[in-house]
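Given the coordinates of chain A, work out where chains B, C and D should sit on it, guided by the hints.
Protein chains: 4
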Amino acid sequence: MVKVSVIGATGYAGAELLSILHRHPQATLAHITSESHTGKKISELYPHLRGLCDMTLESLSDIVNIGKDSDFIFIALPHGHAMDAGLKLDALPVRIIDLGADYRFADTAVYEEWYKVPHIHKDADRVYGLAEIYRAQIRDAKIIGNAGCFTTASILALAPLVKHHLIDAGSIIVDAASGVSGAGRGLKLGNHFPELYDNFKAYNVAHHRHTPEIEQALEDLGGEKTVINFTPHLVPMSRGILATCYAKLNENVGADMIDAAFQKMYGSEKFIRLLGRDAYPETKFVRGSNYCDLGWHIDDRTRRVIILSAIDNLVKGAAGQAVQNFNIAAGFHESVALDVVPIYP
Amino acid sequence: MVKVSVIGATGYAGAELLSILHRHPQATLAHITSESHTGKKISELYPHLRGLCDMTLESLSDIVNIGKDSDFIFIALPHGHAMDAGLKLDALPVRIIDLGADYRFADTAVYEEWYKVPHIHKDADRVYGLAEIYRAQIRDAKIIGNAGCFTTASILALAPLVKHHLIDAGSIIVDAASGVSGAGRGLKLGNHFPELYDNFKAYNVAHHRHTPEIEQALEDLGGEKTVINFTPHLVPMSRGILATCYAKLNENVGADMIDAAFQKMYGSEKFIRLLGRDAYPETKFVRGSNYCDLGWHIDDRTRRVIILSAIDNLVKGAAGQAVQNFNIAAGFHESVALDVVPIYP
Amino acid sequence: MVKVSVIGATGYAGAELLSILHRHPQATLAHITSESHTGKKISELYPHLRGLCDMTLESLSDIVNIGKDSDFIFIALPHGHAMDAGLKLDALPVRIIDLGADYRFADTAVYEEWYKVPHIHKDADRVYGLAEIYRAQIRDAKIIGNAGCFTTASILALAPLVKHHLIDAGSIIVDAASGVSGAGRGLKLGNHFPELYDNFKAYNVAHHRHTPEIEQALEDLGGEKTVINFTPHLVPMSRGILATCYAKLNENVGADMIDAAFQKMYGSEKFIRLLGRDAYPETKFVRGSNYCDLGWHIDDRTRRVIILSAIDNLVKGAAGQAVQNFNIAAGFHESVALDVVPIYP
Amino acid sequence: MVKVSVIGATGYAGAELLSILHRHPQATLAHITSESHTGKKISELYPHLRGLCDMTLESLSDIVNIGKDSDFIFIALPHGHAMDAGLKLDALPVRIIDLGADYRFADTAVYEEWYKVPHIHKDADRVYGLAEIYRAQIRDAKIIGNAGCFTTASILALAPLVKHHLIDAGSIIVDAASGVSGAGRGLKLGNHFPELYDNFKAYNVAHHRHTPEIEQALEDLGGEKTVINFTPHLVPMSRGILATCYAKLNENVGADMIDAAFQKMYGSEKFIRLLGRDAYPETKFVRGSNYCDLGWHIDDRTRRVIILSAIDNLVKGAAGQAVQNFNIAAGFHESVALDVVPIYP
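So the sequence lines, in the order shown, correspond to chains A, B, C and D.
Okay, so the first sequence: first residue is 1 according to my numbering, each after it adds one.
Okay, so the second sequence: first residue is 1 according to my numbering, each after it adds one.
Okay, so the third sequence: first residue is 1 according to my numbering, each after it adds one.
Okay, so the fourth sequence: first residue is 1 according to my numbering, each after it adds one.
Heads up, a few of these hints could be off.
Which copy? The list can't say, so a pair holds if one copy fits it or any two copies do.
[Unchecked claim] Derived lysine to aspartate or glutamate pairs resembling EDC-like cross-links, with alpha carbons at most 20 Å apart:
(1) K270 x D54
(2) K116 x D299
(3) K163 x D140
(4) K248 x D69
(5) K248 x D168
(6) K41 x D62
(7) K142 x E334
(8) K116 x D300
(9) K225 x D300
Read the hints as simulated data drawn from the structure, not as lab findings.
Okay, chain A solo, but in the shape it has when bound (with noise of 0.2 Å):
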């Protein structure tokens, strides 16, 4: 059995980090952490959880010792924290996946710019947490930077045509909606029930923090400067997200080669659902599980294409995602305690 802890369990990532642990069958929960909530049981937070988890939540001040006493360490803390989680742990055996922005960033002048936030731990051996792509390096990496939530929709969706020069890198635009648990659990005024229910809005046009990242991942895949246009919208739903990918096909290209390059990339892996052209992913097809279907329309009038990719964004995008990229880590078996069933209706 392996030993995981998780940093900040009590947003909704890592109470849905906490569902998955429990039916992984070679995982064994050594710490909870919460400073808001220290000493108070998990399931008093989440009654969903009640007589499935009813650890108590530790503080995280003692991260020392509760690195000392895990393999793993899951962090689910806002960004900024976990970088200085992972510098105090540094020295320690244990392996870190961060669901965080702190360790997703080659370039932590990247970083830097778009967070506000000086980067403490420049030298970390990381990797960017996105399995399907950066598989290889996951495997032995001390600290993995999980994907964030829309970038995983986005780079998923993307990545086939970007690495195979079939799209214009120059005419990306990505149109993307969240349900309201991407939000958090912290309260405020736009996330008030009455306010959120039968309304649909745009929010951060053109600054939104996961477009530096869905434009990393598109260069190390494409090899040249890439920047897009990405905007999120916020879904009155709980999750689910769904990005809807734009590009010029670059001349000669045909819908064969399309079809051909999603197939080639994602033929074989277990997560990723290839609808084909012309289908529509919905986000309750993924709900609950680990999958990221995609679906793919050409457009001949404009010379466009048009992709489709749906996740759970606690899941895909977040919780499932760490397990994943877990096992990964761990040698065991990629679908591990993801091997579910989507919820549906």
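Relative to chain A, chains B, C and D alone:
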């Protein structure tokens, strides 16, 4: 491996059964049927099952051969059809778990009165399929008449108090509310999205067919004639039932006696979570799981007890309960394939 | 033109008042107040009002001058604050319509028992503001204690039957459900979007403060001590209340007598729509309007009558009722500014 | 009083028309029709209209007599049927406002290509019914082809920039999302409550019929051939459209020029609210009203402008716009019956 088939696999309960059976390590799916979609793959009708269950739907016209090729048959057909199948399968060793109403009533005259169809299989070897109350009989019955969704929530809420004669059976009122999946996948204006969204209503006041089913179980438990009011409501959500049950306390009955009755009856039940006195179950705390969460409140001003009971109508109220019954009947551990964490939020 | 002011304009009921008053041809808005947002425009807090109502919020510290500059003052503050204002305005000719609980009770001891604060304005010249029942007194009272939302739906449902002694007052149970706007604009975890969406729950069982308010009106109507059960539920929608009311029919009471009682009491009421026996009001049929829709059902098996009552909690349950009371008190036609078609779907 | 009739009154747009016309002081309803519900009262089909509009539905088989008895006829039928009625009414003085697509295209070949039916009334005296752009022609046209819902939101967002040549017409992408009422009252599985609730999806990618309608208006405004991408999505809510529009800024175009273009074109428009640069319209801020709220954002990294546009699809996107056109054509003040406050929350 036990071979199971699902007759009527394309309704919501049928699809949920496929999801649960998919994770059952000791059951293998032999046949699935649909009359309106014979020849199609189930995953064409339910894309969330793509890659997980792509079996082809057969017709039930060959029910006898299906019966020969199965150890257990789950039937998820509208009432009136299961008894036809049951009759044809009577001579075979195959056992039946019917999710409809045909085999729920000990007295088929009650069935005929409320369902307005003649019962054609009156001497069937059958038991009412609510495991927490009829477990012993479920083990051996040829046919298990799986309890209904509202009825499960209601009976489990009231059973300990009726059994121990703590409440006045003549005073029982059950006011319940269900998500829309309970109304099935068939199209009708009342369940058209814009009509139901942002809306709340009652239906079938004073004549919903779950009424006599609740009464039958309460009479079994309390040993006296019981006539109740049952009022269902429709909540603009997909899944979940909350039953709010009212009854007059008998003389000299105090809070401790109520608490003790719940503890005594359900203290060791795997799928009943006693949240306790003054607690508030919520449908979301049990979503996707086989739990029934119970809380109760005592009003000293009116000498009434109010019991709140929450289930997922498609799991504990249908497919989960069916698999629980199957596990009992097949001799497996009762929670095989049902030991899942509710999905939240 | 009558000059009106709104004290506490930034809650949902306050904002709804501004919408209704905006279309009132005989009222002009003099002052609007907010302590937490003094100096801001109301349309900054409620962008739907942009260009329609851009008034600046004042502090109520100057309540006496506001009172001097107003013919009517609407108060939409949490309970306990209106009586403070009422006391200060006692000597002025201005009349008050309070949307909170401070002036709802004839017996201030009941208020103090349920609201846990001392009443400081016991001798106020006041009336309970439910127009269909207390119309005559509303005309001249200095202060109108506008009826609560659940109470309006419940009292209107039961009034004809209690008044004509057709039901057993001791048997009354009101099981009601409300959209979330009824809980106000203040942030709390229970009303955070992901917690409530796709969820249904009860709250304040056996001790909700609308209980004694319903009892007071029923006692006025029936002339006998009345103790009821009232159970509120929260529906994942923005607006709307449905009350499902149960009572035992008195001996020899038949369906026609029930029908007649409703007709007699409400036959000429503008804002009560009698859908009739066996009918099903839905909250969406009254959304955005001042209507109370009523339907009733008789269960011969249990000798109970079940009355269904639907209102928009922010209109007939709050701001619309306040303007209806205002119209009566100011001598206008009762439906001025309230003659709107419900918004559907 | 002007006499108006509504052909096809039982769809959502037809019912919304009845609501708006109900409060129009200068219009009186002469006839309403439905082929599938002839002889019924409209309030049987739409109980929210009970007591407000209880007119009986006639058949349109008698369209000529209805035409003789009306000054204006609103047609809310599926495409292909209005031109049949229009042809029959050609010789009468009655004027027509068609809410469908039959009269929206100057070039009927475009209509025939996208709608796959022959146009049978090619020489109709018609105008495109988007008041803010075609107001002058609306005054006198015999037939007004009321603009579509997505198209209204999209054209109003892009018009100032296209007209002043501030953006590259070849770079336009409109990514839009609509509530479900836009799909009508007809039953289909995709709009069955449990399928759509808690779900988000795109549809008709690259071939939605509103595409050529947007292109036609942009070509009128910009004077050049325009081919765009338009992608609709379905939001799990009843009403509202948000269009997110992308375009490349032309060289040397700065933010001030963008701001000025919006001000110049819409500064005096009653129903367009300019929320300004960096602002976020939300569908809920316009619900139930005839407003189009606009906000825009400039991305210096990509040199794109992103315009956000929110309307109520049934009001400004259908019935409200129709009445706005009617007011212009009949010589009334443009905002009669449309001067309502959005309903919030």
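20 Å Cα threshold - placement of D140 relative to K163: neither (24 Å within a copy, 57 Å between copies)
Cα distance capped at 20 Å. Does K116 pair with D300 within a copy, between copies, both, or neither? between (42 Å within a copy, 19 Å between copies)
For the identical chains here, do K116 and D299 meet the 20 Å Cα criterion within one copy, between copies, both, or neither? Result: close only across copies, 19 Å inter versus 39 Å intra.
Between the shortest in-copy and the shortest cross-copy C-alpha distance, which are at most 20 Å for K41 and D62: within, between, both, or neither? within (18 Å within a copy, 48 Å between copies)
Homo-oligomer pair classification [D69, K248; C-alpha up to 20 Å]: neither (51 Å within a copy, 54 Å between copies)
Within, between, both or neither, where K142 and E334 count as close if Cα-Cα is 20 Å or less: Only inside one copy: K142 and E334 sit 18 Å apart there, 42 Å across copies, limit 20 Å.
When no copy is named, should K270 and D54 be tagged within, between, both, or neither for a Cα gap of at most 20 Å? Result: close only across copies, 16 Å inter versus 32 Å intra.
Checking an output row: K225 and D300, CA cutoff 20 Å. Within, between, both or neither? between (27 Å within a copy, 16 Å between copies)
How would you classify K248 and D168 at a CA-CA limit of 20 Å: within, between, both, or neither? both (6 Å within a copy, 15 Å between copies)
In this structure, the hints that do not hold are numbers 3 and 4, in rising order.
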